[in-house]
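Colleague: Please put together the full structure from these sequences, using the hints given.
Heads up: the sequence lines are chains A and B, in that order.
Residue 150 in my numbering sits at position 150 of the first sequence; the count goes up by one each step and never skips.
Residue 361 in my numbering sits at position 64 of the second sequence; the count goes up by one each step and never skips.
Example chain B residues on the side facing chain A (calculated, C-beta under 7 Å, incomplete):
{"id": "1", "residue": "V371"}
{"id": "2", "residue": "R372"}
{"id": "3", "residue": "P379"}
{"id": "4", "residue": "V400"}
Far from chain B by the CB rule (all over 10 Å, computed), these chain A residues:
{"id": "5", "residue": "F55"}
{"id": "6", "residue": "I64"}
{"id": "7", "residue": "S88"}
{"id": "8", "residue": "S94"}
{"id": "9", "residue": "A112"}
{"id": "10", "residue": "L215"}
{"id": "11", "residue": "A268"}
If you're looking for bench data, these hints aren't it; they were derived computationally from the structure.
Values in this document were obtained by computation on a predicted structure and should not be read as measured data.
Even for Gly, the Cβ is constructed at its ideal location relative to N, Cα and C.
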Amino acid sequence: MDFGAGWVQYLFSGLTTGAIYALVAIGYNIIYNVTEVINFAQGEFVMLGGLMAVFFVGTLHFPIPAAFVCAVLTVSCVGLAMDRFVLSRARNKSVLSLIIITIAVSILLKGAAMFEWGKDPYTLPPFTQGEPITIFGAALQLQALWVLGIVALVVVLLSIFFHRSMYGKAMLACADNPRAARLSGIPVRQMVLLSFLLSAGIGAAAGAVITPISLMEYDRGALLGLKGFGAAALGGLGQFFGALAAGLFLGLAESFCAGYLSSGYKDAVALLLLLMVLFFKPEGLFGSREAAKLKRF
Amino acid sequence: MLTVKSVHTYYGNIHALKGVSLHVRPGEMVALIGANGAGKSTLVNTICGLIAPRKGSIELEGESIGGLTPEEIVRKGIALVPEGRQVFATLTVEANLQMGGFVNRRNKRQVEEDMEALLERFPILRQRSRQLAGTLSGGEQQMLAISRALMARPRLLVLDEPSMGLAPLIIREIFSIVQELRKEGKTILLIEQNAKAALQIADRGYVLETGKVVLQGEGVMLLEHREVQRAYLGRGAREIWEA
Numbered sequence: 001m002d003f004g005a006g007w008v009q010y011l012f013s014g015l016t017t018g019a020i021y022a023l024v025a026i027g028y029n030i031i032y033n034v035t036e037v038i039n040f041a042q043g044e045f046v047m048l049g050g051l052m053a054v055f056f057v058g059t060l061h062f063p064i065p066a067a068f069v070c071a072v073l074t075v076s077c078v079g080l081a082m083d084r085f086v087l088s089r090a091r092n093k094s095v096l097s098l099i100i101i102t103i104a105v106s107i108l109l110k111g112a113a114m115f116e117w118g119k120d121p122y123t124l125p126p127f128t129q130g131e132p133i134t135i136f137g138a139a140l141q142l143q144a145l146w147v148l149g150i151v152a153l154v155v156v157l158l159s160i161f162f163h164r165s166m167y168g169k170a171m172l173a174c175a176d177n178p179r180a181a182r183l184s185g186i187p188v189r190q191m192v193l194l195s196f197l198l199s200a201g202i203g204a205a206a207g208a209v210i211t212p213i214s215l216m217e218y219d220r221g222a223l224l225g226l227k228g229f230g231a232a233a234l235g236g237l238g239q240f241f242g243a244l245a246a247g248l249f250l251g252l253a254e255s256f257c258a259g260y261l262s263s264g265y266k267d268a269v270a271l272l273l274l275l276m277v278l279f280f281k282p283e284g285l286f287g288s289r290e291a292a293k294l295k296r297f
Numbered sequence: 298m299l300t301v302k303s304v305h306t307y308y309g310n311i312h313a314l315k316g317v318s319l320h321v322r323p324g325e326m327v328a329l330i331g332a333n334g335a336g337k338s339t340l341v342n343t344i345c346g347l348i349a350p351r352k353g354s355i356e357l358e359g360e361s362i363g364g365l366t367p368e369e370i371v372r373k374g375i376a377l378v379p380e381g382r383q384v385f386a387t388l389t390v391e392a393n394l395q396m397g398g399f400v401n402r403r404n405k406r407q408v409e410e411d412m413e414a415l416l417e418r419f420p421i422l423r424q425r426s427r428q429l430a431g432t433l434s435g436g437e438q439q440m441l442a443i444s445r446a447l448m449a450r451p452r453l454l455v456l457d458e459p460s461m462g463l464a465p466l467i468i469r470e471i472f473s474i475v476q477e478l479r480k481e482g483k484t485i486l487l488i489e490q491n492a493k494a495a496l497q498i499a500d501r502g503y504v505l506e507t508g509k510v511v512l513q514g515e516g517v518m519l520l521e522h523r524e525v526q527r528a529y530l531g532r533g534a535r536e537i538w539e540a
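Modeller: What follows is the structure in structure tokens.
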């Protein structure tokens, strides 16, 4: 492989993984926007989404689209249950305690997945069969197009939801001032529930769509979650387009680092970026400093 | 309109309201005054459903609302302008108003019209409609908080300490807005530490002290009452060192 084809190939793989980081970051943002909680079980939602899709296709022999939808719905219910039966019981505790609870949930989900699926990685058939497209001598898998398409769709729909619809704005109002939101007649509990439902579903979609490319096993969640958090912080917590841009950037940085330096440092790139952001620009690249000042956490 | 009958409220073991009764008639402005810690905010929180009363009843037009959640009470028709304004700081002014109309969300047209009318009334809010509410000045935030409450089309508007933390000139402006609302026929319950300003514009007033109503009467008459003058306006009584 010559130098030219190399960088196109890195670009493709970077965009694909980057898109997944973006989806994970968006999942963080939704829950953060409503509750100011960073849900560290977000990575587990991705892992569960992938393994659930494997279960629906492999064990129940569903067609791929049905399996995708079922996986998203099942994991959404897991998210719902997590809020309804775990977090809501600690509703009056500080945001920090809630964050620690999400870490506990993530460990629990990971353990449950290990019991159910074992430690082996699983794969799925790609959503559309076909030869990879060759562009400038680099191969682009059709599944990568699915990944990018689903990310784009999610971002557009969510932006419309949060900036145009009453329910979307009400979710933001709950994050801003839950007490005032209740006094304006907004049912805060339902909004929080909705946020967990949405972000678990989005995480699951990411997991199901990436499994044909990069396989899925029980312990993938933690690293995906961490990198997704890096993207969320880099893009400015709560910013959807920021998360998208930062996710793609992170994916590209990783891919080029793996290609030109050493694949051993791949994971270090994301963490290094995360540390740099937290040290020097905690409101993120796209976060508004004004809004950051008005937030509590 | 609103009838509160011998309500007892507790914070844990603290007996904060010890049998408070009051009523507000339709179209009336009633002031509730009292010093810090008299139980004013507790009473507001009880009426708005943030704390449930342990004893007694709260009725809105004959319908019991004691023990309902704040969301339900807003839907029944009581809107609160909370103490310290509590606007949604990270949302735009426009979004703040829309959220005030959340209970009327089924009727989009009405929400739009109400918002338009309020922006017409407060041109400064129209000027700042795309700004984040947290960047507004205190007086502007208070106008926004009042407008947000009005967006719910309440039958009873409750204002908790609208003058708190504002400059005297701005306080006068806010009070004139409240007076205008009263003239338009809105029913208002005004909670204030600033006894003089509140009693001057109110039809009737109640004085709350350590969880009990100790005095009630017409606004101006209450203002001239010896006890009120002594306790809240610092007049008519000898200072301690004079005794």
